[in-house]
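Peer 1: Residue numbers (this note's numbering), protein chains in the order written: chain E, 1 to 674; chain X, 1 to 335.
I should point out that these hints are in silico values taken from the structure, not numbers from a laboratory. Please note that the accuracy of each hint is not assured.
[Said to hold, decoys possible] EDC-like mimics (lysine to aspartate or glutamate), calculated; alpha carbons at most 16 Å apart, straight line: (1) 220/E to 8/E; (2) 304/X to 450/E; (3) 428/E to 396/E; (4) 304/X to 286/X; (5) 495/E to 405/E; (6) 654/E to 248/X; (7) 621/E to 594/E; (8) 654/E to 69/X; (9) 620/E to 248/X; (10) 19/X to 162/X; (11) 263/X to 231/X; (12) 268/X to 297/X; (13) 621/E to 162/X; (14) 188/E to 161/E; (15) 556/E to 575/E; (16) 16/X to 69/X; (17) 281/E to 331/E; (18) 263/X to 396/E; (19) 263/X to 450/E; (20) 628/E to 672/E.
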Amino acid sequence: MEHMWTREIFWNVGADKKIVVYCLAVIALGFFSYGIYRRYFLWRKVSRNKGRISFDALGKRVRSLIIDGLFQRRLLREYYPGLMHAFILWGFFVLFLGTLTIALQEDITSPLMGVSFLKGYFYLLYKLTLNIAGLLAMAGILMALVRRYIIRPDRLSRSAEQGVILIWILIILVTGFMLEGLRIYSLKNSWEVWSIGGWIVSEILSRLNAQDFSVLYLHKVLWWAHLIISFGFLAYIPFSRLIHLVTSPANIFINAPTSQAVLSPIVNFDASGSFGVSTVKDFTPRQIFDFDACTQCGRCQDNCPAYISEKPLSPKKVIEELKARWLETGELMKEGNGVEGKRGGENDGLLDEDVIWSCTLCMACAESCPVYISSFEKIMELRRSLVLMKSTFFPEIATFFRDVETFGDTFGRGRAFREDWAIGIDVKKISDGNQADILYWVGCQGTFHDRNNLIAGTLAQLFKAAGADFGILGKEEYCCGDPMRRIGNEYLFQKTAQRNIELLGRLNFNKIVTYCPHCFNTLKNEYPQFGAHFDVIHYTEFLRDLIRAGNLKITKNMEKRVAYHDPCYLARANDIYNVPREILKSIPGMRLVEPERAKRKTFCCGAGGGHMWMREIPGKKMNEVRVKEIMNGQPEIITTSCPYCLIMFEDGVKSLGLEGIKCLDVCEIIRDAL
Amino acid sequence: MTMHRDVWVLLEAEDKKIKSSSVALIDEGRRLAVQLGGGLTAVFLGQTVEGMDHLVGTHGASNLYFIHDETLHQYAPELYERLLTQLLLGKKPYLVMAAATSLGSDLMPRVAAKLKAPLVSNCVEIRVGEDMKFIKPVQNGRLHATVVCKAPGTKMATVDPDVLTIAKEENQPKIAEVTEMRPDTEGDRLSIRVTGFLKADHRTIDISEAEIIVAIGRGVGSEENFKIIQEFADRIGAAIGGTRPAVDAGILPFERQIGQTGKAVSPKLIIMCGISGAMEFTKGIENARTKVAINMDRQSRVFKSVDLGIVDDLNRVIPQIIEHIDAMADEEKGQ
Ligand SMILES: Cc1cc2nc3c(=O)[nH]c(=O)nc-3n(C[C@H](O)[C@H](O)[C@H](O)COP(=O)(O)OP(=O)(O)OC[C@H]3O[C@@H](n4cnc5c(N)ncnc54)[C@H](O)[C@@H]3O)c2cc1C
Ligand code: SF4
Ligand code: SF4
């Protein structure tokens, strides 16, 4: 009985038509390849830089491809759109595998070895799987249609193309089920109930009492229609947004090992004549490929603090606009036309300056992009061009650069005042002849800001209380360089970094502990670009270890509602979000309330990317937006572990007129709990 | 080799009077001339000033070169440059000084370039020694650099007018020997001509250039109170600036924000009303000369670094100051 469970592949159409099918397939693949080839030209040739795809860290690339490509991890962080997309992807993926299986049997195993495996239990399982896949895909398409035309979220750009694609896929699926239904209706095999979708169609047909002759005729017509529509779809892929079927996974593969916490260095300031990006041609092929991998899903925009604060920046639009400039330039180049695109010219500026300066380099866009695109990386390139090539920046930034250049700190105070914060604490100084286990890197904020220097002092006192062998650089400490780098002054950054690396390399210590997450990230992740590998930890990690080891003993109860805000450069850039929570939770009585956006999904305080020294760009104040969000949990204390965030929140709490809300650093809470 | 170690000073006039900065410059020139063991000569281009020879002589210059012509009544850069260069080429003084006013700062570099002479701008002190030493602020006044001139020949300097003060000691009335010169300016084709002057309006002047500033903060409270501030600023010819909250509240436009994320100002006088003196704000007033604060809160940080602190409600103090100013003005009119 079992051998009956199979089907004739070219049933009702005739196996002699096979050759036609293969001709059509070749034509479709031809279109597909041509489309990709055309694109390839645009990917590679528009850029003046040579790019080469690297295959190092292969394990990481493949892992990301599986986790975020196949299993859609990042997409599934949002249920509705995540499931919607996953259903379509998985559905089609399985259907595609199913078609391959047929081809395997019909073209390889059957003619060459006389083996047909699509029969029996395997056939039933195969049918069931494919039917479920088809139904899932259909559900996904319907969800997409509802979302696009009924829910209409702000982040979706509306274009006819997307509607066309959805309907096209729907037609493929529906005709597929209809074909199956027609066949089942004619053959009347009861075991075909396993083909759920087809069975439903056949049931409908029997209710309608369809005529056998017309059923066969309709099947034939539909069979060809289904085939042509499907091949047409394949051919259409590289000419529409469907190209993301190719570019998105490729992009995940290409970008997987790139760390968002690190900006790429400009190598050799003496040799290259142009820094940053002033025309699309300055982007690398990899960056250009990003433009094509973008699916315009809008997740980056939804998570961008600048966009949410109504600043003139949307990371999604950044990619869209740059993509348009690139295509424009590429098309003109193809025509052999020397002219560049509308805004592709050297001096036009690819994006408005307000857009470029609105970014706080918080990395939320890159973190949320399902296909590993970093919008801020492109913004950074444009900033570099503004700063290094055109000297175009706000005058307050000019003052800032001068301060750092002259005095080595972001406050423009100078080394004479570097040790003032430590007056009365008696801290050892590490120098050529004087070593310590821990080098406490205080940072400019901890050194000079009249609120943050209290925190720097508290930290030193905690280290002392725990009996740690630590020292500071004192007058020899310099700015780490982070703000300059993220404002676009790579030159000043590298000069500063080299100076620090030279000094640190000479001294004797085992570990660096930093107060500020920005110093932490720079010393830990960016200095290695210049050959300096120090063991760097953040003070929260250090305090956690001291508490765990019993060197600091929490003795007091604190019946307080406390909200912890994750600094971008600690949580998002360095995955440190459990450590401060562990510290806070070790205090009895403390109620930790979580802001809506927390851990890796945290929301920028508003001071990153140089905004500490920049005017407020029109829109809402980012710190107020964040403070309001945090206040939803009704905390009595807002705590964080970054000097920038702390000042921003104190400012926000004051300007919102919130009475009785305290802003404290985590270490101040620990001090109070000892 | 014996050298003339003569000192020359460039004079300027305003409202048909020699500017006080110029008079002070003569005093400074005399001090240096004595140390150098040379004579002091003044040079002036422009329109006749009543009693000039007497004034210049009394302050210690024995000679005055007075170059006058219709075309010199207003500063004409190219012409001034040509005439002064010619004169100096002939006389070869040891040191030439001018006040670092807008005229001095424009003219001296032109002449220095023509003479190929070293010029140190905006000095706050000049010392005589084996080599001349010029001390001048750099990095926005946070540091002072000593510039040593080792080159032979004429040295030039402009002096910060703010450090120039007229000497207190009684001078013997003396008359300087005046050499009048009438240059031929027919052939000069001037590409730069001054067509007139606009007086700076304290209401519209850029705060980074204002000499007097009334700065407001959150403590001003409302638009209503702001009107009193405006009246006050008008009375004393002050430009209005403020803190970031004042800008955020929409009372002031961003161009008037002082501080770390706004502008740095360097007025001679700043009066801070309802400002707490946060670091981000004080970063912008590091170069202000005299600082006055009006704040209700005795503990306020703003009082840490002011020359005069008034602890009171600004809505009480300011109307009283206005009244006082008006009374003084009436008195003056009455006289
Ligand atoms: C990244 C960043 C950048 C910043 N940049 C700047 C900047 O460039 N410039 C700037 O100014 N700020 C800046 N700030 C804000 C700064 O930190 C302070 O919050 C701000 O300067 C305080 O302004 P204020 O003194 O007007 O207000 P407050 O601090 O609220 O002070 C108001 C004062 O007015 C007094 N007062 C109230 N009523 C009266 C009355 N009737 N009579 C007399 N006194 C009264 C009060 O006692 C109080 O001292 C920045 C903040 C951040 C976080
Ligand atoms: S880095 Fe942050 S602020 Fe900049 S575009 Fe991305 S999400 Fe927006
Ligand atoms: S950059 Fe990434 S997150 Fe943003 S719209 Fe494109 S695909 Fe979506």
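Peer 1: Now look at each hint and say whether the structure bears it out.
Peer 2: Now for the hints, and whether the structure bears them out:
1. Under the criterion of a C-alpha separation no larger than 16 Å, the hint pairing residue 220/E with residue 8/E is consistent with the structure, at around 14 Å.
2. Restraint check: the Cα-Cα separation between residue 304/X and residue 450/E comes to about 13 Å, which is no more than 16 Å; the hinted pair holds.
3. Of the pairs offered as hints, the one joining residue 428/E and residue 396/E is violated, with about 36 Å between alpha carbons and a cut-off of 16 Å exceeded.
4. For the proposed pair residue 304/X and residue 286/X, the alpha carbon gap of about 13 Å is at most 16 Å, so the pair holds.
5. The straight-line distance between the Cα atoms of residue 495/E and residue 405/E is roughly 10 Å, inside the 16 Å bound, and the hint therefore holds.
6. A C-alpha spacing of about 13 Å is found between residue 654/E and residue 248/X, which places the hinted pair at or below 16 Å, so the restraint holds.
7. Distance hint between residue 621/E and residue 594/E is unfulfilled; the C-alpha atoms sit about 21 Å from each other, more than 16 Å.
8. For the hint linking residue 654/E to residue 69/X, the alpha-carbon distance of about 64 Å lies beyond 16 Å, and the restraint is violated.
9. As the CA atoms of residue 620/E and residue 248/X are separated by approximately 10 Å, the hinted pair is consistent with the 16 Å bound.
10. Of the pairs offered as hints, the one joining residue 19/X and residue 162/X holds, with about 13 Å between alpha carbons and a cut-off of 16 Å not exceeded.
11. Of the pairs offered as hints, the one joining residue 263/X and residue 231/X is violated, with about 23 Å between alpha carbons and a cut-off of 16 Å exceeded.
12. The hinted pair formed by residue 268/X and residue 297/X fails the criterion: a straight-line CA distance of about 25 Å is larger than 16 Å.
13. Between the alpha carbons of residue 621/E and residue 162/X the distance comes to roughly 41 Å, so the proposed pair goes past 16 Å and is violated.
14. A threshold of 16 Å between alpha carbons decides the hint, and for residue 188/E with residue 161/E the separation of about 40 Å lies outside it, so the pair is violated.
15. Note on residue 556/E and residue 575/E: the hinted pairing is violated, with a Cα-Cα distance of about 29 Å set against a maximum of 16 Å.
16. Our distance criterion of 16 Å between C-alpha atoms is met by residue 16/X and residue 69/X, whose separation comes to about 15 Å.
17. Between residue 281/E and residue 331/E the alpha-carbon distance is near 13 Å, which keeps this suggested pair within the 16 Å criterion.
18. Taking the CA atoms of residue 263/X and residue 396/E, the gap is about 7 Å. The hint holds against a cut of 16 Å.
19. A distance of roughly 21 Å separates the Cα atoms of residue 263/X and residue 450/E; the hinted pair therefore is violated under the 16 Å criterion.
20. With a C-alpha separation of about 26 Å, the suggested pairing of residue 628/E with residue 672/E is violated against the 16 Å cut-off.
This entry does not satisfy hints 3, 7, 8, 11, 12, 13, 14, 15, 19 and 20, going by the numbered hints stated previously.
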